[in-house]
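**Q** On the provided structure of chain U, position chain P as indicated by the hints.
Chains as they are written, first to last, in the numbering used here: chain U, 1 to 169; chain P, 1001 to 1360.
Just so you know, the hints here were simulated from the structure itself, not pulled from any lab data.
Keep in mind the model is a prediction, meaning the values are calculated, not measured.
No incorrect hints appear here.
List of simulated lysine to any residue pairs, SDA-like, C-alpha gap at most 25 Å: (1) P:Lys1004 / U:Arg33; (2) U:Lys123 / U:Asn150; (3) U:Lys63 / P:Glu1031; (4) U:Lys123 / P:Asp1011.
Ranges of calculated distance between the beta carbons of each label pair, as one might list FRET restraints: (5) P:Lys1135 / U:Asp60: 50 to 56 Å; (6) U:Arg48 / P:Thr1266: 57 to 63 Å; (7) P:Glu1224 / U:Arg158: 52 to 58 Å; (8) P:Pro1038 / U:Glu36: 26 to 32 Å.
Covered stretches of chain U, going by a simulated chain P footprint (3 or more residues, C-beta under 8 Å): (9) 15-26; (10) 35-43; (11) 53-66; (12) 132-145; (13) 153-164.
Where is the CB? At the ideal position from N, CA and C, for every residue including glycine.
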Amino acid sequence: MTFNGKRLQHADFLKAYDELAEPIFRHCYFRVRSREVAQDIMQDTFTRTWKYIADGGEIDNLKAFLYRTAHNLIVDGYRKQAPVSLDQLQEAGFDPSDRSDQVIIQLAERQYIMEMLNVLDEKTKQVIIYRYIDDMSVKGIAELLEETENAISVRLHRGLKKLESQYGQ
Amino acid sequence: MDNKIEQLLTDAGKAIHLDAAAKKTSRKHLEVFLFSNPIQDKTPVPHAILSLHTFLRAMPIVLIATLLLGGGLSLAAGPSLPGDTLYPMKVSITERVQSFLTLSDDAKNQLQVKFAERRLSEAEQLSAKARLEAKAFAKLEDRFQAHVGRTNQRIAELETEGDFQAAAQLSSKLEAVLKAHDRVLGESSSEDDDSREFPETEALHKRLKDTLNSTAQTRTKVEEKLSDQIRVRVDSNFLVELDDAKDDIKETREFVEDHEGEINSTASIYARAQLEIADNHIMQANAKFEADARGEAFILLQSALRINQEARAFVRAKINLRSVRDDRKVEKTRGPEGPTDPALETELRASGTGEIEVGF
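Only chain P is shown next, with the shape it has when bound in the complex:
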């Protein structure tokens, strides 16, 4: 009799199922709940309290020794380009140290985008200096693709973790940088006759366009996934983000005005036009939000942020290129006796227009 009871119970259990549609709906609600209740990061941020012991234990000894002995060199390596004596230090040590010292997830996510932008800026400067040779190009391109690859990997990880907002923001940032430099490379070939001597510049530009297209596709897909979730987000979050975006656009506008004299009028007009478009997207986002079309509102906000970032990256790149072209004029004027060490060139440059560090 026991067996019959057991069999009845087992059969009864097997016959009960959760309705597929109900399970799917419940899962969607759970996803939104997860999104709205992120894990609280209770670990202390050790920006100021990182103990020397922890620092030394975690960091490879060669990096520590290099920092202790070569701190000044590390700083001087900053503006160096492929082919310069200090360039290996810049990519192998300074940037690695920067990676190690970057602690917040948000900053870590963006660091590879920053490095990718540096590689593009270096390629543009080499091209402007008529120094973009095959060997230098190959290494630059490898490093650029490595940074883009790590960024894409991080975007995929964020998607897997369900953090679609961070994934959308990171892919948007990468796209903004790539678009800005796509334009810079496109304009450089018409502004500077010397750059036409290098087929590598055209090859780099083509690779950049391919990467830009695939990044734009990734960003669109992630935004679609996020816009479903965004509909149930607390209102106040979106309004705060709109305000932050307006402030960002205002800052970029001030940046363009402050550096008006360092870029040509075409670049200035383009940057200002982009900022107008960004402002317009903010207004549209606000209107969509008021009309409860929150998914569309979010996508418009993201678009405004991306256009703003692109305008800023474009102006930065133009300033750096102008600086390089000015240096070439100085070198041609000074003749062969002039200094060629990049560290010393930094000092000379400090008296005039300096390189604008690519930063966020």
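The shape of chain U in the complex, shown without the other chains:
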């Protein structure tokens, strides 16, 4: 979605919210590991972006601008919460073979994945999340981060390798 030099109106911006609120929330969630904090950052991302526009700023690529704003808010130090691990659930007498608990297992596994992502450096984690959580193409990520596609591909490959070594243990 682009607004190339075009003056954004309320309706255009709200349409962008309808389309991008969930993807941006999801991205933030995997970065900060807290639903509540991710919602705050998502909301803040949109209000700050609008303030920029209202003050006369021009935006060529709204999606990229929103993701960059979210990233800046994340690195500015939003509070991070420790997730519940699978080990902790099992210690509480939880049986992973019980089908009724499958959803919780999956949730715990996702929490575990988020813990795994933390072994990556911030730049690599960011790229992994853009690619596999946000479903962006390598080209899209390269444009967003203003880097070459090759640099992104290399970072993705190294990130996956590191996760494989951690998950395989």
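**A** Frame of chain U; chain P shown alone:
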């Protein structure tokens, strides 16, 4: 192994959703934020600095030539009616130039309402002059509906843009004008026997009522949307608007007093009664605001403004009609040798009661 990691990551992503209720609440907060932080218009307002180059480049050459050669005619076309020689100039050129030269969004929004009111005023004057014929009526009605249509289109655009306040104000203004002329047309048929000869007057009145009803419905819907937002507006904005509304009502009251001699006592009593109602709505709006019922306070304020605008439009229309009826008496007295050119009639009229230009 890489594929498994990738699949895990992808599945994890797909399973995370923003709660629908949270998204809706967040959106509402964002709407209020957008409303409270409008885009700053940093483009210079070129009322005084519009360069000749820009003006000439943007304006069709035929309009420029007409203005340069026919400036005096353009002014004289102002009071002309359908059937008069200068009327085509009034609607095709003078009003187009006026549209071109109107630069602020607010003024542009209101211009079509102004033109719609002119068409109604022309119909009333033709009817009073016993000149409202089928052909003239058809053209007048087409133009009137075109102006109303453009206004409604603009209201819809403002709603889409999220500017519910401007949409509510514009629909309220249109409704006020239509209501005023609904009353004028209703009274005209009883005050002037000649107008009864024209079924077109009744047809125009009926069309006006239909348009008034649909406009009132639009205005109500927009106000409902706006009253949700208005609850979180900064207090000082509303209090300033209340004060402005009181000043507007005071000005209209002075306008009615200044032109007391040009309208009949019934019209004067009606206008004053409307202004009393408007004052009352202002008091109620203030009370609702103090009680933190801001949505209701806003709707009452809008109602007061609308009633004030209606009273003013009604008195203006009555003054113009009185002027037309006085002219008919003058014509009947002067006989067939008297001048019929509207430009010259303007000069004659200038010595007595003149037409009040419909303005805001």
